[in-house]
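Colleague: These protein sequence lines map, in sequence, to chains A and B. Read in order, the letters of the first sequence correspond to residues 24 to 534 in the numbering used here. Read in order, the letters of the second sequence correspond to residues 24 to 534 in the numbering used here.
Some hints could be false.
One copy or two, either will do: identical chains are not told apart, so a pair holds if it fits within one copy or between any two.
Said to hold, decoys possible - Once the Cα atoms are required to be at most 25 Å apart in a straight line, the calculated SDA-like pairs of lysine to any residue come out as:
1. 303 <-> 24
2. 343 <-> 386
3. 281 <-> 307
4. 85 <-> 511
5. 303 <-> 160
6. 303 <-> 127
7. 211 <-> 330
8. 303 <-> 126
9. 303 <-> 124
10. 85 <-> 424
11. 281 <-> 124
12. 303 <-> 122
13. 343 <-> 252
Honestly, the hints are just simulated from the structure, not real lab data.
Below, each chain spelled out in residue letters.
2 protein chains.
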Amino acid sequence: MNGAESLVRTLVAGGVDVCFTNPGTSEMHFVAALDKVPGMRCVLGLFEGVVTGAADGYFRMKGTPASTLLHLGPGLANLHNAKKAHSGIVNIVGQHATYHIGYNAPLTSDIEGLARPMSSWVRTSPDAKSVAADGAAAIAAARSAPPQIATLILPADTAWNEADGIAETPVDTQRPSYSPQAVERAAKILHGDAAHTLLLVTGSALTEQGLALTERIAGKTGCTVMGQTYHPRMARGRGRFSINRIPYVIEQALPILKNFRHIVLVEANDPVAFFAYPNKPSMLKAEGCEVHRMTAWGENSVAALEALAGALHAAAHDVKPQQHQELAKPTGALNHASIAQAIACAIPENAIMVDESVTTGRGFFPPTAASAPHDWLQNMGGSIGFSTPVATGAAVACPDRKVICMVGDGSAMYTIQSLWTQAREGLNVVTIVFANRIYQILRGEFDGVGAGEPGKRAQDMLKIDRPTLDFVALARGMGVPGRAVTTADEFNKALAEAVAEPGPRLIEVQM
Amino acid sequence: MNGAESLVRTLVAGGVDVCFTNPGTSEMHFVAALDKVPGMRCVLGLFEGVVTGAADGYFRMKGTPASTLLHLGPGLANLHNAKKAHSGIVNIVGQHATYHIGYNAPLTSDIEGLARPMSSWVRTSPDAKSVAADGAAAIAAARSAPPQIATLILPADTAWNEADGIAETPVDTQRPSYSPQAVERAAKILHGDAAHTLLLVTGSALTEQGLALTERIAGKTGCTVMGQTYHPRMARGRGRFSINRIPYVIEQALPILKNFRHIVLVEANDPVAFFAYPNKPSMLKAEGCEVHRMTAWGENSVAALEALAGALHAAAHDVKPQQHQELAKPTGALNHASIAQAIACAIPENAIMVDESVTTGRGFFPPTAASAPHDWLQNMGGSIGFSTPVATGAAVACPDRKVICMVGDGSAMYTIQSLWTQAREGLNVVTIVFANRIYQILRGEFDGVGAGEPGKRAQDMLKIDRPTLDFVALARGMGVPGRAVTTADEFNKALAEAVAEPGPRLIEVQM
Numbered sequence: 024m025n026g027a028e029s030l031v032r033t034l035v036a037g038g039v040d041v042c043f044t045n046p047g048t049s050e051m052h053f054v055a056a057l058d059k060v061p062g063m064r065c066v067l068g069l070f071e072g073v074v075t076g077a078a079d080g081y082f083r084m085k086g087t088p089a090s091t092l093l094h095l096g097p098g099l100a101n102l103h104n105a106k107k108a109h110s111g112i113v114n115i116v117g118q119h120a121t122y123h124i125g126y127n128a129p130l131t132s133d134i135e136g137l138a139r140p141m142s143s144w145v146r147t148s149p150d151a152k153s154v155a156a157d158g159a160a161a162i163a164a165a166r167s168a169p170p171q172i173a174t175l176i177l178p179a180d181t182a183w184n185e186a187d188g189i190a191e192t193p194v195d196t197q198r199p200s201y202s203p204q205a206v207e208r209a210a211k212i213l214h215g216d217a218a219h220t221l222l223l224v225t226g227s228a229l230t231e232q233g234l235a236l237t238e239r240i241a242g243k244t245g246c247t248v249m250g251q252t253y254h255p256r257m258a259r260g261r262g263r264f265s266i267n268r269i270p271y272v273i274e275q276a277l278p279i280l281k282n283f284r285h286i287v288l289v290e291a292n293d294p295v296a297f298f299a300y301p302n303k304p305s306m307l308k309a310e311g312c313e314v315h316r317m318t319a320w321g322e323n324s325v326a327a328l329e330a331l332a333g334a335l336h337a338a339a340h341d342v343k344p345q346q347h348q349e350l351a352k353p354t355g356a357l358n359h360a361s362i363a364q365a366i367a368c369a370i371p372e373n374a375i376m377v378d379e380s381v382t383t384g385r386g387f388f389p390p391t392a393a394s395a396p397h398d399w400l401q402n403m404g405g406s407i408g409f410s411t412p413v414a415t416g417a418a419v420a421c422p423d424r425k426v427i428c429m430v431g432d433g434s435a436m437y438t439i440q441s442l443w444t445q446a447r448e449g450l451n452v453v454t455i456v457f458a459n460r461i462y463q464i465l466r467g468e469f470d471g472v473g474a475g476e477p478g479k480r481a482q483d484m485l486k487i488d489r490p491t492l493d494f495v496a497l498a499r500g501m502g503v504p505g506r507a508v509t510t511a512d513e514f515n516k517a518l519a520e521a522v523a524e525p526g527p528r529l530i531e532v533q534m
Numbered sequence: 024m025n026g027a028e029s030l031v032r033t034l035v036a037g038g039v040d041v042c043f044t045n046p047g048t049s050e051m052h053f054v055a056a057l058d059k060v061p062g063m064r065c066v067l068g069l070f071e072g073v074v075t076g077a078a079d080g081y082f083r084m085k086g087t088p089a090s091t092l093l094h095l096g097p098g099l100a101n102l103h104n105a106k107k108a109h110s111g112i113v114n115i116v117g118q119h120a121t122y123h124i125g126y127n128a129p130l131t132s133d134i135e136g137l138a139r140p141m142s143s144w145v146r147t148s149p150d151a152k153s154v155a156a157d158g159a160a161a162i163a164a165a166r167s168a169p170p171q172i173a174t175l176i177l178p179a180d181t182a183w184n185e186a187d188g189i190a191e192t193p194v195d196t197q198r199p200s201y202s203p204q205a206v207e208r209a210a211k212i213l214h215g216d217a218a219h220t221l222l223l224v225t226g227s228a229l230t231e232q233g234l235a236l237t238e239r240i241a242g243k244t245g246c247t248v249m250g251q252t253y254h255p256r257m258a259r260g261r262g263r264f265s266i267n268r269i270p271y272v273i274e275q276a277l278p279i280l281k282n283f284r285h286i287v288l289v290e291a292n293d294p295v296a297f298f299a300y301p302n303k304p305s306m307l308k309a310e311g312c313e314v315h316r317m318t319a320w321g322e323n324s325v326a327a328l329e330a331l332a333g334a335l336h337a338a339a340h341d342v343k344p345q346q347h348q349e350l351a352k353p354t355g356a357l358n359h360a361s362i363a364q365a366i367a368c369a370i371p372e373n374a375i376m377v378d379e380s381v382t383t384g385r386g387f388f389p390p391t392a393a394s395a396p397h398d399w400l401q402n403m404g405g406s407i408g409f410s411t412p413v414a415t416g417a418a419v420a421c422p423d424r425k426v427i428c429m430v431g432d433g434s435a436m437y438t439i440q441s442l443w444t445q446a447r448e449g450l451n452v453v454t455i456v457f458a459n460r461i462y463q464i465l466r467g468e469f470d471g472v473g474a475g476e477p478g479k480r481a482q483d484m485l486k487i488d489r490p491t492l493d494f495v496a497l498a499r500g501m502g503v504p505g506r507a508v509t510t511a512d513e514f515n516k517a518l519a520e521a522v523a524e525p526g527p528r529l530i531e532v533q534m
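Based on the sequences and whatever the hints tell you, model everything.
Modeller: Structure follows, in structure tokens:
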């Protein structure tokens with residue numbers, strides 16, 4: 024077998040059985056190997072950003088890495104987002120043949136240099152016989168705790184020359200753990216001053232079980248439990264403990280945090296503003312507030328929370344039941360509130376919500392706390408164009424779950440090519456586009472950074488009109504049925520149909 | 024004025040009066056400054072790859088750099104292409120405020136690390152008072168010989184804090200020159216063995232004037248003049264000296280080059296294969312063939328060719344007139360030959376042809392040699408998705424010239440968002456999409472790299488069908504009128520109308 028085949032077989036044997044691809048010439052042997060090796064599902068994307076984002080969404084839902092197959096074109100924005108989400112991904116990037124690189128042909132570039140800012144692990148295979156072992160090392164790196172972006176660069180001749188066979192991927196014998204001393208410290212703080220203590224959670228603490236443990240701890244001690252502003256994945260909906268998040272807007276975050284004298288971090292970070300603004304703080308906690316890390320990304324936060332609950336004698340009967348507003352289908356005009364209500368009513372059992380709603384969705388959390396149980400995925404890196412690819416990958420990972428992608432019109436246009444892949448693969452993704460014809464987030468940020476009142480030319484750089492985008496036409500062009508809605512009743516109807524039907528659908532919400 | 028305004032004013036004063044933008048929060052002060060400072064035209068793109076490619080196309084046609092305004096998301100693929108095209112671009116990329124970077128907020132990334140592989144000049148402004156001078160230095164770098172990609176990173180506070188005023192951009196007092204010794208050497212070779220000498224030209228030699236000089240030299244000495252496979256810009260059509268190019272396919276290139284004992288390089292490189300293939304050579308010249316560089320990128324090749332013609336006493340009367348096939352509108356089915364004929368007939372006076380036709384367009388050069396005079400632009404970096412953005416930038420640079428973009432369906436999908444910017448700005452761009460529903464280049468490459476016969480799954484990674492893309496719907500979704508054609512007669516008609524009408528148009532050629 025050649026190097027390419029040794030790699031594909033190693034991947035499949037190592038449990039990596041999905042490859043999101045956007046291949047070029049230097050990847051043709053890998054593509055050929057896909058035919059020879061059963062067990063690898065290949066999903067084609069029309070742009071690298073679709074591929075890398077899909078691998079992120081796949082990992083968040085599946086918990087094990089997919090691979091990507093890329094040809095120079097970086098798709099780096101979505102790798103940045105994936106890295107911040109602590110997703111594990113095995114990227115395979117073709118390079119010129121080892122003997123050809125020095126001749127500076129047009130497609131020659133510094134791929135390692137490009138990969139390093141976004142990948143925790145980067146390696147170039149030196150020859151065909153090394154490829155399998157390098158692939159196994161990449162898988163192991165992707166699977167580590169916390170997971171990593173692993174980029175393996177394959178010169179074309181390492182793919183076509185003879186290899187020795189496959190390599191075995193080391194199985195992680197080490198289970199993620201936690202520090203008993205850190206748990207003890209947290210217990211002490213909660214014993215001492217729970218009324219002024221914030222338990223700030225993210226990552227693996229946000230499973231249904233992790234949240235239930237925090238609910239007991241809050242019920243027993245009276246502390247506050249909150250999430251960071253953004254999470255890779257959070258269990259939500261009926262039957263799950265519903266927590267608030269630190270608001271994005273600094274003026275809203277500061278009063279919420281100001282009375283805490285202690286923040287106990289469960290994989291989270293010391294609260295920081297998303298951006299700096301003139302005359303506003305970068306760090307959001309009150310002066311004199313102490314920060315204590317109980318677990319870091321990659322540790323076993325559920326086990327730590329169990330130990331903490333045990334230390335506090337917090338049990339199921341300590342839980343204070345939560346009240347949620349009733350679900351009620353809205354009627355009348357489409358606005359942020361009615362949109363939120365309509366979506367909350369429409370979420371089916373076990374849905375996956377991929378949220379790039381930006382400004383439109385700032386009020387989505389309260390009404391959806393009462394929805395059917397679901398998972399909520401957000402952008403961890405801030406680079407927009409994250410959601411349609413992540414929704415694509417999540418749907419590949421969980422074919423029996425409905426994926427609902429909620430995205431602003433500006434954000435949608437970065438990686439709109441995702442829709443074609445959804446049609447190609449028959450994925451159960453409903454894409455809801457909020458068409459307000461403006462990068463509304465930037466309109467707010469313009470004010471927030473103290474830039475004054477935008478004149479005509481500045482407005483032209485913020486508005487997405489002249490012409491208005493027709494997302495139904497765009498979706499149709501890529502094989503996805505779609506419709507536009509202008510009232511709450513139309514939106515309810517479109518949501519119900521899209522959720523009931525298999526395959527991809529798009530709904531343009533004209534605001 | 025704040026740092027952002029000092030930069031905008033410096034750019035305009037320094038002759039950079041176009042900015043292709045895809046701004047984010049950290050660029051809001053720059054956007055605000057655009058309102059305050061007359062003279063800067065701002066063009067919005069929906070994706071970074073549109074922005075960076077537009078700046079490439081703008082430079083190629085205008086000869087002076089545009090600026091781009093970016094927010095993290097790299098658009099690196101088209102910067103790679105621009106760098107290989109030796110285009111000068113001033114990229115302005117926002118970064119977190121200087122005091123905020125260390126807090127590792129979500130959008131924090133190593134922008135310098137990302138920029139370096141694609142930029143010859145990278146600088147992060149340390150404070151607001153430095154911004155203007157850094158901007159002037161970036162312009163000077165972009166304008167150097169050869170031109171460079173200059174990336175200036177602006178922490179947000181350098182934009183909002185007070186500056187001192189604008190900075191003057193140094194004017195290049197040094198005119199590009201050439202080496203008289205190198206010209207002498209070339210003259211000697213042509214005196215000695217012109218019949219076995221190839222004059223291999225690109226870059227600034229490809230103006231109408233430069234080509235006319237090579238035509239005299241060829242007529243006088245009997246040497247061969249050829250171009251590299253790809254060029255940033257070549258003057259072509261009636262009245263211009265028509266030269267062949269080294270073919271992309273190695274089996275075609277080798278016999279063409281095998282009888283040359285000398286290759287004189289006029290900005291070109293020692294001929295190298297685009298990719299390595301098993302058992303095929305990387306370098307394409309015959310064994311024993313000597314390579315002599317007369318000029319490098321950035322030197323004054325037209326002056327060198329004038330000196331060379333003088334040394335050889337090659338005059339206008341030495342020119343051997345060329346015969347070209349007559350233009351004839353095709354009829355019947357659409358195939359590579361009839362498509363080429365239809366386009367050749369339709370090219371209007373002084374058009375700009377942006378060529379990402381890949382496999383469909385391999386035969387475009389012979390028939391278009393007889394077309395109305397035009398410029399031909401190709402991809403220098405091999406990263407596809409180059410043409411619709413470059414066409415956009417070229418149209419902004421030359422509003423009185425019709426731009427015709429010829430692009431394969433696979434390539435078109437990388438940066439299809441360009442169409443919206445063309446509609447936004449009312450650009451005179453006709454986009455012709457060759458819809459053969461396959462990455463045909465890869466189908467050939469699959470064979471070329473010796474990967475065997477593609478089975479079903481490999482074919483799935485090469486074909487762009489299930490579903491077929493509807494480019495007319497996609498174009499309509501972005502405000503560009505379009506139509507699909509299935510016969511040569513329909514294509515002729517669609518071309519004539521699209522060329523005659525102002526504003527952007529799309530023609531989907533169903534093959």
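Colleague: Each of the hints needs a verdict: does it hold here or not?
Modeller: Against the structure, the hints:
no., hint, result
1, 303 <-> 24, "between (60 Å within a copy, 21 Å between copies)"
2, 343 <-> 386, "within (24 Å within a copy, 75 Å between copies)"
3, 281 <-> 307, "within (8 Å within a copy, 70 Å between copies)"
4, 85 <-> 511, "neither (34 Å within a copy, 50 Å between copies)"
5, 303 <-> 160, "neither (45 Å within a copy, 32 Å between copies)"
6, 303 <-> 127, "between (49 Å within a copy, 17 Å between copies)"
7, 211 <-> 330, "within (13 Å within a copy, 87 Å between copies)"
8, 303 <-> 126, "between (52 Å within a copy, 14 Å between copies)"
9, 303 <-> 124, "between (49 Å within a copy, 15 Å between copies)"
10, 85 <-> 424, "within (12 Å within a copy, 53 Å between copies)"
11, 281 <-> 124, "between (57 Å within a copy, 23 Å between copies)"
12, 303 <-> 122, "between (54 Å within a copy, 12 Å between copies)"
13, 343 <-> 252, "within (24 Å within a copy, 73 Å between copies)"
In this structure, the earlier hints numbered 4, 5 are contradicted, and the remaining ones agree with it.
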